[in-house]
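**Q** Okay, here's what each chain looks like letter by letter:
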Amino acid sequence: MEYVFEINGGDFSSGGNASSTIKRALKERNVDPLVIKRIVVALFEAEINVVAHADHGTITVIIEEHQVQMFVKDFGPGIEDIELAMSEGYSTASDTVREMGFGAGMGLPNIKKNADVFEIESVKGLGTNAHIIIYLKND
Amino acid sequence: MLMTEIIKRIEARPVCGDACSLNTNEFEFAFASDLMSDVLRLMRDNTMLITGLCNVQTVRTAEMAEIKLIIIARGKKADAQMIKLAEESGICLLETDYSVYRVSGELYSYGIKPLY
Ligand SMILES: Nc1ncnc2c1ncn2[C@@H]1O[C@H](COP(=O)(O)OP(=O)(O)OP(=O)(O)O)[C@@H](O)[C@H]1O
Ligand SMILES: [Mg+2]
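Chains A and B supply the protein sequences, listed in that same order.
Quick note on the numbering used here: the first sequence kicks off at 1 and runs consecutively.
Quick note on the numbering used here: the second sequence kicks off at 1001 and runs consecutively.
Worth flagging that the hints you see were computed from the coordinates, not collected in a lab.
Misleading hints may appear alongside valid ones.
[As the list claims (entries may be wrong)] With a cut-off of at most 20 Å between alpha-carbon atoms, the simulated EDC-like pairs for lysine to aspartate or glutamate come out as follows:
1. K1008/B with D1097/B
2. K112/A with E80/A
3. K112/A with D81/A
4. K27/A with D1045/B
5. K27/A with E1088/B
6. K113/A with D1038/B
7. K137/A with D81/A
8. K113/A with D1045/B
9. K1008/B with E1028/B
10. K1084/B with D11/A
11. K27/A with E65/A
12. K1077/B with E119/A
13. K112/A with E83/A
14. K113/A with E88/A
15. K137/A with D32/A
16. K73/A with D116/A
17. K1077/B with D1097/B
18. K27/A with E1087/B
19. K112/A with D1038/B
20. K137/A with E65/A
21. K27/A with E2/A
22. K1076/B with E1087/B
23. K113/A with D32/A
24. K73/A with E119/A
25. K73/A with D55/A
26. K1076/B with E1106/B
27. K1076/B with E99/A
[Unchecked claim] Examples of chain B residues toward chain A, derived with CB under 7 Å:
28. L1035
29. S1037
30. D1038
31. L1040
32. L1053
33. N1055
34. R1060
35. M1064
36. E1066
[What the hints assert, rightly or not] Cβ pair distances, simulated, as ranges:
37. K113/A with Y1108/B: 23 to 31 Å
38. G1075/B with D11/A: 40 to 48 Å
39. K1008/B with A25/A: 35 to 43 Å
40. K27/A with K1113/B: 23 to 31 Å
Every residue gets a Cβ at the ideal spot worked out from N, C-alpha and C, and that includes glycine.
With the rest of the complex left out, here is chain B:
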């Protein structure tokens, strides 16, 4: 699934420039968690993270786990440090008012696959 389509399906707002506008990035898998050590166990690339955790460690964890797309649910707002870190690591941050459950449901129904 392309970034543009993901943004449309979950009514998301891209909050950092370059990485979010990459139209060629295809996403196939998603993982939803607020527990960063669970995220650090993922071994498959091209996985997006759907989370309610909104702080600088969310972005740090994605950097270490090679996650290139973070969807922050429930209307939470990324702060300046998060956006700066994401841009440095080529990570796209999306904010949406949808809950983690709804984001997961929408994307699942459009073919984004689970990992387990």
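This is chain A alone, in the form it adopts within the complex:
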């Protein structure tokens, strides 16, 4: 099953809708609640990063039998130093973003912590591509 969502930068009112839809879909499939939580926390952090830092983007989620794949692609300022961005507490979030409760610099580390596979690439001035995989079963 494949889901595609368009995400608008700065839209904190709708930000989270994609993750919420995926959460409901996984619940309906009776996926282990702990695995659901890892998937939706990783996806939500990635979704909010597009809203908070990018201009616009697309999220594609593919639910397969043994894994969930998430592709988060955005157009925006990109990330110049990914290693630095991945470190806990590093944030360039604007005041508006901080007022919404974000900007702890914990989003990318949270994705890494919850994902089985997390790849991110970015071109400064162009945008960012993230690929997250979480396995549904351990066997």
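With chain A's structure known, arrange chain B with the ligands on it following the hints.
**A** Quick look at chain B with the ligands alone, frame taken from chain A:
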């Protein structure tokens, strides 16, 4: 601790119907933060969130983190979108005039445990 007792201890107002009236829900742990990515790190269920952050992302974060009770401190008011989202996700929203510090102190003294 039962919802009814929490409401009494912090003089709270329940702002969304169904989830707040569930008398069987026992709460054991609390976490206080205005930083949503900190909240998203919590792994224990049955944790309540005490916060001064009052916007739709507070509720979204609780939805993702499986938090079923949000206490909004300092007299801030949940808006219609927050209440709608909370109801859809079975989350109880409580408003209180107490500060985050006072809510935490009261509930701690009645046995609600910290996470760290
Ligand atoms: N999609 C993106 N486009 C551009 N920059 C990004 C993107 N995602 C992350 N960044 C950069 O990496 C930094 C760290 O991201 P991270 O998600 O860890 O923290 P944050 O979003 O600032 O705060 P938090 O996620 O804790 O609310 C951001 O502050 C921003 O500079
Ligand atoms: Mg982030």
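**Q** Take the hints in turn and mark each one as holding or not.
**A** Hint check:
1. Proposed proximity of K1008/B and D1097/B is supported: the alpha carbons are some 13 Å apart, at most 20 Å.
2. For the hint linking K112/A to E80/A, the alpha-carbon distance of about 18 Å falls within 20 Å, and the restraint holds.
3. Taking the CA atoms of K112/A and D81/A, the gap is about 16 Å. The hint holds against a cut of 20 Å.
4. A distance of roughly 16 Å separates the Cα atoms of K27/A and D1045/B; the hinted pair therefore holds under the 20 Å criterion.
5. Taken as a hint, the K27/A and E1088/B pair is honoured in the structure, with Cα atoms around 14 Å apart against an allowance of 20 Å.
6. Distance check on the hinted pair: K113/A and D1038/B sit about 13 Å apart at the alpha-carbon level, within 20 Å; holds.
7. Restraint check for K137/A and D81/A: not satisfied, since their Cα atoms lie roughly 34 Å apart, outside the 20 Å limit.
8. Proposed proximity of K113/A and D1045/B is supported: the alpha carbons are some 18 Å apart, at most 20 Å.
9. Distance check on the hinted pair: K1008/B and E1028/B sit about 16 Å apart at the alpha-carbon level, within 20 Å; holds.
10. A threshold of 20 Å between alpha carbons decides the hint, and for K1084/B with D11/A the separation of about 18 Å falls inside it, so the pair holds.
11. At most 20 Å may separate the alpha-carbon atoms for a hinted pair to count; K27/A and E65/A meet this at roughly 14 Å.
12. Among the hinted pairs, K1077/B with E119/A is inconsistent with the structure: their alpha-carbon atoms are about 40 Å apart, more than 20 Å.
13. A hinted pair counts as satisfied when its Cα atoms are at most 20 Å apart, and K112/A with E83/A qualifies at roughly 12 Å.
14. Between K113/A and E88/A the alpha-carbon distance is near 11 Å, which keeps this suggested pair within the 20 Å criterion.
15. Straight-line distance between C-alpha atoms of K137/A and D32/A comes to about 9 Å, which keeps the hinted pair within the 20 Å bound.
16. Pair hint K73/A plus D116/A holds up; C-alpha atoms about 19 Å apart against a cutoff of 20 Å.
17. Of the pairs offered as hints, the one joining K1077/B and D1097/B holds, with about 10 Å between alpha carbons and a cut-off of 20 Å not exceeded.
18. The straight-line distance between the Cα atoms of K27/A and E1087/B is roughly 17 Å, inside the 20 Å bound, and the hint therefore holds.
19. In summary, the hint linking K112/A to D1038/B is supported, as the alpha carbons are separated by about 14 Å, within the 20 Å threshold.
20. About 9 Å separates the Cα atoms of K137/A and E65/A, which keeps this hinted pair within 20 Å; it holds.
21. A threshold of 20 Å between alpha carbons decides the hint, and for K27/A with E2/A the separation of about 16 Å falls inside it, so the pair holds.
22. About 18 Å separates the Cα atoms of K1076/B and E1087/B, which keeps this hinted pair within 20 Å; it holds.
23. Proximity of K113/A to D32/A is assessed by CA-CA distance (about 18 Å); at most 20 Å being required, the pair is judged to hold.
24. A distance of roughly 12 Å separates the Cα atoms of K73/A and E119/A; the hinted pair therefore holds under the 20 Å criterion.
25. With a C-alpha separation of about 11 Å, the suggested pairing of K73/A with D55/A holds against the 20 Å cut-off.
26. A C-alpha spacing of about 19 Å is found between K1076/B and E1106/B, which places the hinted pair at or below 20 Å, so the restraint holds.
27. For the hint linking K1076/B to E99/A, the alpha-carbon distance of about 14 Å falls within 20 Å, and the restraint holds.
28. Taking 7 Å as the C-beta cut-off, the interface hint given for L1035/B holds, the closest approach to chain A being about 4 Å.
29. Interface hint at S1037/B: satisfied, since its Cβ lies 4 Å from the closest Cβ of chain A, which is below the 7 Å cut-off.
30. A distance limit of 7 Å between C-beta atoms decides the matter here; for D1038/B the minimum to chain A is near 6 Å, and the interface restraint holds.
31. Because the closest C-beta pair between L1040/B and chain A is about 5 Å apart, less than 7 Å, the hint holds.
32. Contact between L1053/B and chain A, as hinted, is supported at the beta carbon level, the nearest pair being about 5 Å apart and thus within 7 Å.
33. A cut of 7 Å between beta carbons decides the hint on N1055/B: the least distance to chain A is about 6 Å, and the hint holds.
34. The beta carbon of R1060/B is positioned within 7 Å of a beta carbon in chain A (closest approach about 4 Å), and the interface hint is therefore held.
35. Interface hint status for M1064/B: upheld, as the beta-carbon distance to the closest one in chain A is roughly 5 Å, under 7 Å.
36. Checking E1066/B against chain A by beta carbon gives a least distance of about 6 Å; that is within 7 Å, so the hint holds.
37. Checked against the given bound of 23 to 31 Å, the beta carbons of K113/A and Y1108/B, roughly 28 Å apart, stay inside it.
38. Between G1075/B and D11/A, the C-beta spacing of about 28 Å breaks the proposed range 40 to 48 Å.
39. Taking the beta carbon of each, K1008/B and A25/A are about 39 Å apart, inside 35 to 43 Å as hinted.
40. For K27/A and K1113/B, the hinted distance range of 23 to 31 Å is satisfied, since their beta carbons lie about 28 Å from each other.
Of the hints listed earlier, those the structure fails to meet are numbers 7, 12, 38, in rising order.
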